[in-house]
Amino acid sequence: MKLSAWLVAFALLGAACSPSTLVQQGPSDTLRAYARALEEGRVDDAYRLLSDDAKRSMSLEAFRRAVKESPDEVIEIARAVSRPASDPLVTATVSLPNGDELLLVYEDGKWRIDAAAIDLYSQATPRQALAGFLRAFERKRYDVILRYVPDAEKEGITLGEEPAPAAPAENAPAGKTAAPAQKTTGTELTAEKLRTAWEGPQKDQINRIVQAIRTALPTAVIEETGDSASMSYGAGGTVALIREHGLWKIRDF
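If you count by mature numbering (1 follows the signal peptide of the UniProt record, and there is no 0), then the sequence shown holds residues -23 to -1, 1 to 230, one letter each, in order.
The set of hints was computed from the structure by calculation and includes no laboratory data.
None of the hints are false.
Computed list of lysine to any residue pairs in SDA-like fashion (alpha-carbon distance at most 20 Å, straight line):
id	residue 1	residue 2
1	180	214
2	45	57
3	131	179
Working from the sequences, and respecting the hints, build out all of it.
In structure tokens form, the structure reads like this:
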């Protein structure tokens, strides 16, 4: 790892991970103190601001040597970290007995509970949408589950099925086809219809899928591109999400 990456990483670790830092001063104060120590050549003082994990990754002697070997880079980094582009946000995650996770935010010297504590079915991010869907499924809140269904599917497209192949358009130019025809059921999807399917003929299948998503979610990497997102789960499964009207919904699993 390059020197600059080491020093910046350690600066952020010192600001965000040290328990004493969180109690005694804010992240911005720690970053400024770290920057001043580097600018003034007080290497040992800068090192003391690092977290225990950072110190285990690099000894004091190695830190001194890195600073001595690249003084110009050290000054540049010190000036950069003393002027962060945005205010630092310090958060903590608490695991609850039922398996849910609660997010806390450190504000004005106090820990505050994040909005997720009151919005149990958030759709602000793909991960929150999946967590909310799982919570609604566990509670058999099919009315809430409908929030996670894209508009087109609620209005008649068979849930989880691909559109029918496109047919050649009448009077269309050679080599052209009409827009893909949507496969519809002719009726709107309702909470009761969803309950009938998922507690009836599709029960075992949907239970397996939901359990696989639940197992994968805590550590899964969610790939997000524009208004689309996806997460792999189980043995080759993928849950696909789309963002509609600013809310994340589940397109397919």
